[in-house]
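Read top to bottom, the protein sequences are chains A and B. To convert, note that position 316 of the first sequence is 316 in the working numbering; the numbers rise steadily by one, no gaps. To convert, note that position 328 of the second sequence is 876 in the working numbering; the numbers rise steadily by one, no gaps.
Which chain B residues face chain A? A few, computed with CB under 7 Å, are given here:
id	residue
1	750
2	771
3	840
4	921
From the derived model, a few chain B residues whose C-beta atoms are all more than 12 Å from chain A:
id	residue
5	636
6	693
7	702
8	780
9	976
10	1007
11	1095
DSBU-like cross-link-like pairs, simulated, lysine-lysine; straight-line CA separation at most 35 Å:
id	chain 1	residue 1	chain 2	residue 2
12	B	639	B	1016
13	A	442	B	716
14	A	147	A	494
15	B	882	B	774
16	A	305	B	780
17	A	443	A	416
18	A	209	A	318
19	A	292	B	812
20	A	30	B	592
21	B	896	A	416
22	B	639	B	927
23	A	90	B	716
24	B	774	A	240
25	B	896	A	147
26	A	342	B	823
27	A	239	B	774
28	A	292	B	823
29	A	147	A	416
30	A	90	B	774
31	A	279	A	292
32	A	516	B	716
33	B	927	B	592
34	B	716	A	137
35	A	494	A	463
36	A	209	A	239
37	B	930	A	144
38	A	305	B	859
39	A	288	A	236
40	A	144	A	463
Note that these hints are calculated values from the structure, not bench results. Yeah, the Cβ is synthetic: ideal placement off N, Cα and C, and Gly gets one too.
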Amino acid sequence: MQKLPLDLYPREMKRITSEEVKASNFSVGKEFADYISSTLGPQSAQKAIVSSDSNYYTISSDGKTILQRFDLVEFKAKHPVAQLMVELAKSTDDEVGDGTTSSVILAGELLRHAEKLIDLGLHPTIVANGFRNATDKAIELMEKLAKPVDTDEMLLKVARTSLDTKYISPLPEHKEGSGSLASTVVSAIHIVADEAGRANPDDVHIVKKSGGNIFDTTVFSGYIIEKEMLHPSMPKSQKKARIAVIDTPLMVKRYDGLFTENSQVSVKASGFSQYRSQKSSENDMLMKMTQKIIDVGANVIISRKLIDERLGKQLADKGVIAIQAIPTREDLSMLAGACGAKIVSDLGMISSEHLGYADNVWEERYPDHSVFTHILVTNEKNATILLRGGIAHAISDVNRAVHDALHTTANAFNGKVLLGGGATEMYIAEELRRYALSIKSKKQLAINAFADALEIIPKTLAKNSGQDVISVITDLRMEHSKGKVSFGYDAIGKVITDTSKGGIIESLVTKRQIYKGASETSRLIILSDDIIYGDVMEQRIEDKVDGK
Amino acid sequence: MASSRNRFNSLRRSTTSIAKRRLIGEDARESCITTSITLCDGVKSTLGPSGMYKMMTEEARHFDITKDGASVITGLIVKHPAARLIVETAKAIEDETGDGTTSTIVLAGDLIKRADRLIGDGLHPVVVVEGYKLAARKAIEIASELAIKIEGDDSDNMLTKVAKTSLKGCGGDKLSSQVVRAVRLLDGDKDLDYVSFEASEGQEFEDTDLIEGSILHNWTPPGSVKRMEDAKICVILNPIKLERAGYLSDINVSSSDMESHYNKEEEILRELVDKVRESGANVLISIQDIDVRAQGMLAMHGIMYLHKISKFDYVRHLCLSTGANVVPNIWNLKPEDLGEARLVEERKISEEELIFIEGGSNPKACTFFIRAGTPKVIKEHKRNINSAIHSVSNAIIDPYVLPGGGAIEVELAARLKKYAISIETKEQLAIMAFAEALEVIAKTLAQNSGLDVIDTIVDLRARHQSDKNIGVCIGEDESIVGNTLAAGIIDPLRVRTQMLSGAVEVSELILLADGILQDKLRDSKEEERKQKKVSNEKRMEELKEMM
Chain A
1 MQKLPLDLYP REMKRITSEE VKASNFSVGK EFADYISSTL GPQSAQKAIV
51 SSDSNYYTIS SDGKTILQRF DLVEFKAKHP VAQLMVELAK STDDEVGDGT
101 TSSVILAGEL LRHAEKLIDL GLHPTIVANG FRNATDKAIE LMEKLAKPVD
151 TDEMLLKVAR TSLDTKYISP LPEHKEGSGS LASTVVSAIH IVADEAGRAN
201 PDDVHIVKKS GGNIFDTTVF SGYIIEKEML HPSMPKSQKK ARIAVIDTPL
251 MVKRYDGLFT ENSQVSVKAS GFSQYRSQKS SENDMLMKMT QKIIDVGANV
301 IISRKLIDER LGKQLADKGV IAIQAIPTRE DLSMLAGACG AKIVSDLGMI
351 SSEHLGYADN VWEERYPDHS VFTHILVTNE KNATILLRGG IAHAISDVNR
401 AVHDALHTTA NAFNGKVLLG GGATEMYIAE ELRRYALSIK SKKQLAINAF
451 ADALEIIPKT LAKNSGQDVI SVITDLRMEH SKGKVSFGYD AIGKVITDTS
501 KGGIIESLVT KRQIYKGASE TSRLIILSDD IIYGDVMEQR IEDKVDGK
Chain B
549 MASSRNRFNS LRRSTTSIAK RRLIGEDARE SCITTSITLC DGVKSTLGPS
599 GMYKMMTEEA RHFDITKDGA SVITGLIVKH PAARLIVETA KAIEDETGDG
649 TTSTIVLAGD LIKRADRLIG DGLHPVVVVE GYKLAARKAI EIASELAIKI
699 EGDDSDNMLT KVAKTSLKGC GGDKLSSQVV RAVRLLDGDK DLDYVSFEAS
749 EGQEFEDTDL IEGSILHNWT PPGSVKRMED AKICVILNPI KLERAGYLSD
799 INVSSSDMES HYNKEEEILR ELVDKVRESG ANVLISIQDI DVRAQGMLAM
849 HGIMYLHKIS KFDYVRHLCL STGANVVPNI WNLKPEDLGE ARLVEERKIS
899 EEELIFIEGG SNPKACTFFI RAGTPKVIKE HKRNINSAIH SVSNAIIDPY
949 VLPGGGAIEV ELAARLKKYA ISIETKEQLA IMAFAEALEV IAKTLAQNSG
999 LDVIDTIVDL RARHQSDKNI GVCIGEDESI VGNTLAAGII DPLRVRTQML
1049 SGAVEVSELI LLADGILQDK LRDSKEEERK QKKVSNEKRM EELKEMM
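Next comes chain A alone, as it looks inside the complex:
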């Protein structure tokens, strides 16, 4: 056959089908989920992430951290499906603050099952519709199953289930009891809970300080500023403090107004005597500004902007504590909220009602010579968790664990809880299979596949803790068929137990978001039939494939 002027129709078109694009999508999705799956659960592996220039590294078992730091130079991560997976992890974290790994693993498993169905000859649209149906049904089921949290003990279990997936204390006495991280998290939640019984995890301020031991981590009612006082001779502590939080510099030179760095106003001194009088009048001006604050009864002044050095000694003499340069406006707002103060930027109109109250304000010195100022407030809804620990990397990992646990616990506190350890998944899978039988159309197969995919959670838990996956799943199925719906896999004890007694509890909100996110992302990938690459990208991939 003679070649056409544009040789694309006869040969290339036949060879390249959308099936091949789909195969590539599915394989990348699955591979991605497999990669991350070893970090699920209490007995999970850690991953070390090293930046390409080897200057920076992180060790973590937190799914989101791994995915975000995932070096995107790799071909696989440049693949659009990989990018979708990273986005899924990010959005799950933004929304509920936990459950990133589970959502990615579930999405990968859904893709695995979808691929099988499409190979059987099902149209992708039907698979996607079936998954949507199954998700709705699963969420309906889990909402029915969920129980409200009534006791502190239960909250403690929720916090521990979340913490266990990222950090396990070597000593059993630190796992439970009053000094444990879980109880720290729970008490923080109790402090920030309002009268209506809702807690916002963002109200909890986490401060990291290396040194000491993880078990020295404390929860503190109030706020900790990572700053020193302005002058060393200021009182080291101030009981019954009245705090003025200001957002304006206490200086003669200002950021705006006429006395700025490059202003048109210049003050010129013609001789030494004039210079001195000028100095003293500057001093007077400064003092006048400050006097207004002191007059309304404040004995602690905290400013986001700078405070003139000359004021330090004078304030110290009057027994007033001053702290300058709080880093960000969020910090300032949080601090003001913590002590019930109103932020003032016009000193001329300050009054006593703008002041906040604290039971105690004091400085604490740490062995590495850094100084933090603690503000103890008992009557406001703000908590600070002071994380301690040996090395910086350990603390950052614990920080992530505590952050996730705070969100999950708050979600549980505000809403309902479900059993963990795969018990809920097994129950929903069982019910979904039954539900599938009531559907006449081809969607039945997709719903069944969704049910099978859910079992990946207990499977992965079993695999990561070194157990035989098949026997764990068969045993679990057997228990569930007997109607023991609370049975799940305890990855720490490595046994199948009644999770309601063992205390493996997760929050409903988190789980719902995991199902929704995973199903949405997998549907998007199932329904994609083409990847359109740019010139450069295409060339690069070809080189990669050829092994150049």
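Since chain A is already given, all that's left is putting chain B on it; use the hints.
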């Protein structure tokens, strides 16, 4: 990894080969036709509510996933002139009607495919094009006859259905009626840009809402009130501070005057703030900075204030939605310059502060606040809502609608076939081909929904004998065809006529091309120029030496 290559890429690769040759006559037409068919077939799978997604990834721009055919085709970087022509036409249609681009391209592809066969049979391309034009004219005539007028009390209901059809099943009744409401708010203003989109990750798409006002990406300074009901808004252009660039005079202050000068400054600021209070405003929006001291004074008086608005687009939108006028300077502030809003509030949504300004008395601009899981999904929803807005706007401008789901196309096909027989010239064949090509819409819809294409089209043809509103519509009882008009799947007439005429235009341009002349590539041109320059310099030197 052979799978990563696909039809578009192969298209692009082979188009580079034309650079080196000049094609004329049959070869050129063949080349153009093959290219356009490949391109048009590529977007086929995105048509309809159960269309497929396409992932687009390009070195120079962000990765995108979409099932909006127009975005796919306008986003392509192609080299072949025929392909570029189609991309440009798609852009033009997208700008003009904003909806129905995919069906235009799909129809054009099928028209070209059938024309190819006719030309192969010995028909002259000009005759084919003439026939197509005749057919399109007749089709538009028939469509206008069949169209149903939207009027009276039912019009909002009908428009909601139009919106719902265009949303491709991504939104429910709530969103559809909000789309209609948004277009109505613009009050006949054709500039649909005043329906703006803001989005935030998190929650679900069902939580997407129409804000009859504006959303600013900004935050209130720490001292300000975070919420103001029954807001009176003033918008100030100049910075509210004393330091000014561009003043001629310096002020010299002696040390004794320093404090009085300082107080004087405060006094000026206080006067400014008093001026704001006198005008009755309780929300001050300054496009530039506000002095810290002035901020404090505003806070004391309980006035909510915002400063440093990053984009002027926000300000324009804000002025339209609240009715405020931008005032250059506070000294000129008058009560009639103030805008109104029921509520101004700062909300923190997924780690980001947004200022909501809602419920003006007579808003002329509005904002869709889209919520969805991930940024890609948000972008996709935004495109969907945008095309629904255009669709509704089309239906308001030209208040006639047609049954969707391929129903009108199948009906037109049936009538055109009858019309074709009445034509005695060679154009008859082309009209016949046009009629058959129209059925591609219904076929593609069926294919994308996972139905049997042959079964569906045969069924449709048979049932169109008695009912002209039968189209592809998957009912709750798993039936595959049904009365689309009753099911609420309707399209504006304007979008359909645009489809018919647009597709004919595209096929005309492609079919009548009989030569591709390629200029030399830019690189080789540069090379030539350089060589010329060098040789010139050499000659100059030689001349100098000779002198």
